[in-house]
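J.: Here is how the chains run, residue by residue.
Number of protein chains: 10
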Amino acid sequence: MLFSIDIQVSVPADLPQGRKDELRRAETVRAMELMKEGKLRRIWRVVGEVAGVSLWEADTLEELHAAVGSLPMYPYLKVKVTPLIEHPSMAAWKATHGDLPPF
Amino acid sequence: MLFSIDIQVSVPADLPQGRKDELRRAETVRAMELMKEGKLRRIWRVVGEVAGVSLWEADTLEELHAAVGSLPMYPYLKVKVTPLIEHPSMAAWKATHGDLPPF
Amino acid sequence: MLFSIDIQVSVPADLPQGRKDELRRAETVRAMELMKEGKLRRIWRVVGEVAGVSLWEADTLEELHAAVGSLPMYPYLKVKVTPLIEHPSMAAWKATHGDLPPF
Amino acid sequence: MLFSIDIQVSVPADLPQGRKDELRRAETVRAMELMKEGKLRRIWRVVGEVAGVSLWEADTLEELHAAVGSLPMYPYLKVKVTPLIEHPSMAAWKATHGDLPPF
Amino acid sequence: MLFSIDIQVSVPADLPQGRKDELRRAETVRAMELMKEGKLRRIWRVVGEVAGVSLWEADTLEELHAAVGSLPMYPYLKVKVTPLIEHPSMAAWKATHGDLPPF
Amino acid sequence: MLFSIDIQVSVPADLPQGRKDELRRAETVRAMELMKEGKLRRIWRVVGEVAGVSLWEADTLEELHAAVGSLPMYPYLKVKVTPLIEHPSMAAWKATHGDLPPF
Amino acid sequence: MLFSIDIQVSVPADLPQGRKDELRRAETVRAMELMKEGKLRRIWRVVGEVAGVSLWEADTLEELHAAVGSLPMYPYLKVKVTPLIEHPSMAAWKATHGDLPPF
Amino acid sequence: MLFSIDIQVSVPADLPQGRKDELRRAETVRAMELMKEGKLRRIWRVVGEVAGVSLWEADTLEELHAAVGSLPMYPYLKVKVTPLIEHPSMAAWKATHGDLPPF
Amino acid sequence: MLFSIDIQVSVPADLPQGRKDELRRAETVRAMELMKEGKLRRIWRVVGEVAGVSLWEADTLEELHAAVGSLPMYPYLKVKVTPLIEHPSMAAWKATHGDLPPF
Amino acid sequence: MLFSIDIQVSVPADLPQGRKDELRRAETVRAMELMKEGKLRRIWRVVGEVAGVSLWEADTLEELHAAVGSLPMYPYLKVKVTPLIEHPSMAAWKATHGDLPPF
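Respectively, the protein sequence lines represent chains U, G, P, A, F, Z, W, C, B and E.
Using the numbering used here, you'd call the opening residue of the first sequence number 78 and step up by one each time.
Using the numbering used here, you'd call the opening residue of the second sequence number 78 and step up by one each time.
Using the numbering used here, you'd call the opening residue of the third sequence number 78 and step up by one each time.
Using the numbering used here, you'd call the opening residue of the fourth sequence number 78 and step up by one each time.
Using the numbering used here, you'd call the opening residue of the fifth sequence number 78 and step up by one each time.
Using the numbering used here, you'd call the opening residue of the sixth sequence number 78 and step up by one each time.
Using the numbering used here, you'd call the opening residue of the seventh sequence number 78 and step up by one each time.
Using the numbering used here, you'd call the opening residue of the eighth sequence number 78 and step up by one each time.
Using the numbering used here, you'd call the opening residue of the ninth sequence number 78 and step up by one each time.
Using the numbering used here, you'd call the opening residue of the tenth sequence number 78 and step up by one each time.
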């Protein structure tokens, strides 16, 4: 199952710089683990904002919830989960051309 | 350049069924052309809604505007464009592991 | 998988009464089929509003989308899907008392 | 009487971990008491969010207010109460098939 | 049980005047019946707007829903129901002074 | 003149319990004085929320402003004032039946 | 008593030009009557918008409601009424300097 | 040039009373200076709220910005500026009757 | 004086294509006149949307209002006017470097 | 590529004045560097608000993100990026008259 997750990050401006750096390092480490497990499929930064657009894959809703909640920055995130299915246009492509161009 | 585009479709409920079908067929044809040109990279349906989440690639903003505006359903769409760049976590992955797992 | 779906109904006030009645009958028939299939688990009316709160079960997101979209009133519905998992309090209950009281 | 209650939890990120754990334990204990009393009928976690969707039963509005307000996390909750009645589709089911499938 | 109901009226500007007058007459007749039955306790007009603030009493949620839905203008109303209980200040008054001043 | 006032209370969760109790006691005392003066006519608690719905009577706007602002919890309140007049349905009742049923 | 009223005008774009002109003429005539009666004290156009900011004076809320509702464009207006009292700074001016500069 | 300015005041509830009083006194002094200079033409308090509705006159946008920003409470204000011009109804009045009634 | 104006265009989807084309041609002609007069300084299309971001110069608010209202598409536009002044950073540039780079 | 960026500044009211001044000085220095590099093309202050409207030029989205994020006040900014392309009216001008009037 595929999910789009919009993420707004609100780390308080007055959090000590050391704590911010530590959070960012831990966030990267955990994100890479989730990518390795095939749960976090893609994540992008929204231009100009401290926000992200991401795509997640999970076999169950429980698995998705645990994965998102395991991010070290989770207490500072505003998260919006959107469940996705294949769009008819992408289905038509596959029926005609087979696999999608790699992405 | 990569862009996430959220799409809300508002085809009027009282549009004749024949016109609706025609619009959907034309939409699929055009979407597949845009996929072939590498402009529309992915598109998904939001579960339960007449809405889509999509990812577009374009060399210029003009190209992106022309591509989105060429959709036959464009007059019935509410469109929100979000410019994206690589997230630090994805950059860290590439630095460590090379390519991302295909998606 | 369990999903909460909030539904706002916007049948135009000037739709002929006969068509409204027909829609409502067809809606009930289809809802009962979805209940029989175990997809629509519960549905309530919001007091004073032409709106509903409902709980759906589905094995896949595709199944859920097809089920919701098969409602005859679907073109007149505004739908918000919320994926749900067990709350820790309900898990604690089950660990202590076994099954939840029937509902 | 049945009520749907949407709950947003906003425990401050800087509350000491010990206090957070204590609140969660107390919340579970109180929730289980309310479930035993038949007031809190069901509660789910919204996937990816610190939020809940719940169903409550009460003989009076006073009873409902007291039950919700007795949650130890109440000062950190944003609560939206929606009074519910049976939907015509569920009434039609009961008229035809008797009891609803257990849930 | 007491409920506050905020009502926004949206009769289309192009509805024939005769139909508008008819609706208003029927609305007044039905409102007076509901007042006689003790269901519609008070209703005021919001100054400058085609909107109302009203207080309703009902023994059950079903009764309330039926009462509101029986208004002839119901298809043109946007309705927000707020369940109410006694405020501590009003309880303190009654404990000290007995009945509230008539209103 | 009659006014409906919606009140949202936002006492900070970390205010010392003693200060909260003191505020509540002072609020009740002042509310009862305003009821005695015929300014605060009715006040109810919104079920499940720390919010109120209230009806106020005042000869002048200045009097209303002073009354609301004299509540000890005023610095923590979000207040929305709605000026009201008699609804045509209530006028029709009085013309036909005289006084409204006491409330 | 003084009231600020924000007005949004939504005359449908497809209303015949003749009807629009007629409405505008009637609106001006009625507005001037209300100005003569001292009820509509000032009215301005919001730059670039079909909207107005206005100040009204009335002895009673009933009088204000009747005045606003008597505008020929009323069925096309969205109206927000804000009751006003003297600001402490204006009171301080009057205490020191007497009358305000004419406006 | 004339501008309507809506002002929301958000002085933190926990600011020491002495500082609050000082701010209010300074605000009044500065407001009176701006009134003397003919920049702040009128200001009213919104009934029941810590908010204001005001009318400002300025020869340039720079002058208006400097005037508003010179208010001692400016760091605690949320400000919305609306540029205004004469409404056709007020122009019609002047063409017919000359000056507006003093206000 | 400089103003930023955000424009949302809502030409109804069912307006005949001929009328749409005519409107667009007339819009371009009028826009070019306003550019010649130095009133419409710059206008851009928002990527993917039927919306514009524009900068206008005017000596008076009346002039600005007349200019915007003279656009043939004006009845289909939602317009938001924001008055602008020089930013301190741009003033600092001019003080140091003289003219801004042409744009 | 051109981008319009709306900026809301939310420096906390209780930040020490010295830190505020330092931030402002650093902001001006960095803004002037970005202007020199041709990235920040124009920036204006919104009249009466601590907000800005700005135009940015960038060859890539990464460049734009880095430029905006390099502002010393960035942790206190709420930023909304809007990608822009030439409007048909400006294209028509250039086709007819060549360069736009300098701005």
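I should point out that these hints are in silico values taken from the structure, not numbers from a laboratory.
The structure presented is a predicted model; accordingly, all values stated were derived computationally and were not measured.
Note that the Cβ used here is the ideal one computed from N, Cα and C, for glycine as well.
It is possible that some hints are incorrect.
Calculated cross-link-like contacts (lysine-lysine; reagent style DSBU-like; alpha-carbon spacing at most 30 Å) [stated by the list, open to error]:
hint, chain 1, residue 1, chain 2, residue 2
1, G, 97, G, 171
2, Z, 113, F, 116
3, F, 157, P, 155
4, B, 97, B, 157
5, Z, 113, Z, 155
6, Z, 155, F, 155
7, B, 157, G, 157
8, W, 171, W, 155
9, G, 155, W, 155
Cβ-Cβ distance ranges computed for the label pairs, FRET-style [what the hints assert, rightly or not]:
hint, chain 1, residue 1, chain 2, residue 2, range
10, P, 103, U, 137, 18 to 26 Å
11, B, 115, C, 168, 25 to 33 Å
12, F, 175, W, 143, 33 to 41 Å
13, B, 147, A, 87, 47 to 55 Å
14, A, 173, P, 180, 19 to 27 Å
15, P, 103, W, 143, 14 to 22 Å
16, F, 175, P, 115, 50 to 58 Å
17, Z, 91, C, 85, 19 to 27 Å
18, Z, 151, W, 180, 41 to 49 Å
19, C, 85, P, 89, 37 to 45 Å
J.: Compare the structure with each hint and give your call.
T.: Tested hints:
no. : hint                      : result
1   : G:97 - G:171              : 44 Å, violated
2   : Z:113 - F:116             : 28 Å, holds
3   : F:157 - P:155             : 17 Å, holds
4   : B:97 - B:157              : 23 Å, holds
5   : Z:113 - Z:155             : 24 Å, holds
6   : Z:155 - F:155             : 24 Å, holds
7   : B:157 - G:157             : 19 Å, holds
8   : W:171 - W:155             : 35 Å, violated
9   : G:155 - W:155             : 24 Å, holds
10  : P:103 - U:137: 18 to 26 Å : 34 Å, violated
11  : B:115 - C:168: 25 to 33 Å : 26 Å, holds
12  : F:175 - W:143: 33 to 41 Å : 39 Å, holds
13  : B:147 - A:87: 47 to 55 Å  : 50 Å, holds
14  : A:173 - P:180: 19 to 27 Å : 20 Å, holds
15  : P:103 - W:143: 14 to 22 Å : 47 Å, violated
16  : F:175 - P:115: 50 to 58 Å : 56 Å, holds
17  : Z:91 - C:85: 19 to 27 Å   : 24 Å, holds
18  : Z:151 - W:180: 41 to 49 Å : 31 Å, violated
19  : C:85 - P:89: 37 to 45 Å   : 38 Å, holds
Of the numbered hints given earlier, the model fails hints 1, 8, 10, 15 and 18; all others are met.
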